[in-house]
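Colleague: The task is simple: from the sequences and hints, build the whole structure.
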Amino acid sequence: MIELRGVHKTFGSNAVLRGVDLTIAKGTSMVIIGGSGTGKSVTLKCILGLIKPDGGSITLDGQDVTRGDRDAFLARFGMLFQGGALFDSLRIWENVAFRLLRGSLARPKAEAREIAIEKLRRVGLGPQVADLFPAELSGGMQKRVSLARAIAANPEIIFFDEPTTGLDPIMSGVINDLIREIVVEMGATAMTITHDMSSVRAIADNVAMLHGGKVRWTGPVSEMDATPDPYVQQFIHGRAEGPIESLR
Amino acid sequence: MILLSPFAGLGRMVLGLLSNLGRVAIYAAQVVSHIFRPPFYPREFLHALMQIGWFSLPVVGMTALFTGGALALQIYAGGQRFSAEAVVPAIVAIGMARELGPVLGGLMVAARVASSIAAEIGTMKVTEQIDALVTLSTNPLKYLAVPRVVAATLAVPVLVAVGDSIGIMGGWLVGVQRLDFNSAAYIKNTVDFLEMWDITSGLLKGAAFGFLVALMGCYHGMNSGRGAQGVGRATKSAVVSASVLIFAANYLLTELFFS
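Line by line, the protein sequences are chains A and B. Each number in the numbering used here comes from the position in the first sequence (counting from 1) with 522 added on. Each number in the numbering used here comes from the position in the second sequence (counting from 1) with 83 added on.
Derived lysine-lysine pairs resembling BS3-like cross-links, with alpha carbons at most 30 Å apart: (1) B/225 to B/319; (2) B/225 to A/631; (3) B/225 to A/574; (4) A/548 to A/736.
Calculated from the structure, these hints are not laboratory results. Note that this is a predicted model, so its numbers are computed, not measured.
Modeller: As structure tokens, then:
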């Protein structure tokens, strides 16, 4: 279980997180929604330790994430980055097997390649892409490769940062289905950041909406449409009018 | 208040410069401390060695060739004023080995390598590849900076040695073809006057310059700002700071070796 209590983070004079409280139960899929600049990515990066929060606590199974063996902590995570974040200089299979080729999870090269090809197959890509470089693939294929890399070491927890951004609706649907299938199949705890409401409905068990640096509403996805919270209603229906200020 | 504002600006500039120096020093110490600690990345090291050493050979060689030739012409013209034309082979050899070989080689590597390292690492930062490395349990400093810094520290002295040879050859070529020196006498003069320390000191300078060039490329790349402008600024800063540090280090090492 991941627990955030009163997490604060300020960049210069901009207070992005102003006391985020959030609980993600083990084996569930939490989707965080909210407008641009509301701190969704910052929250996720705080959990991973990529950004140090100014205050509050973040625990994983009761252990403070800032203490203990960092390698062992990170080995429990997989992450799909918004732009894919594939390493340009490495072949596709080397990207997927990156964690399996070095560090505490290292294994022989042939075995790592075999696992990489199996993970690529899991996300719908054939072995013919294994020896290509990321620049030779389309955006959708790069997202799939990044997904394959995120699950390569069978992590307990997977983070997805805007998994469908920049993809056409059909490819978005494919990625959403893949994420849902993989999370269920692996029994992993998932945390997804997205603006895409079709992703929310396809991926989420639970939803949390960030606004003003705090969790405005959280609950099961089945209750999201019925909530009377005007912020949630404005966001999920994409209305220009409402309590969330928009620049026009 | 208006009268004090220039001093406040000066103070801010000095404080900014000192804090930058401090950050670079801490970064350098971190890089050095990781050189001998596992894990090691031999593939990244060999790749960096090829990029920094092998692919810089043409530009360093061409620079040295023309510099050696120009140096011979200048020394001949200057030496004529007091009938000392015969010193051309010795001065070309000593000048190339002690100063021009390492400094110009270092500067050419700074232009070619510091810029490419800063642009590559800066782009990796902007596209979240550095964050991806961290989530994949890999220390970016160890994976990206250490192999490049070690490769540059080892490769630049070799480039300097090649540059020295080509530069001396450039001087010989001009000496024999344009200034009517006897080929055998020119070579004998070069060998007679050149001492081992002339060569060794140049190679040591090359190692120091290689370290500084790669360090600046990595440091500015890792601290790159957002977007294309941020990467562009990081690239420019890497080349400028590497070049300035080469000149500063050259003076300090010359003081250390020869004063």
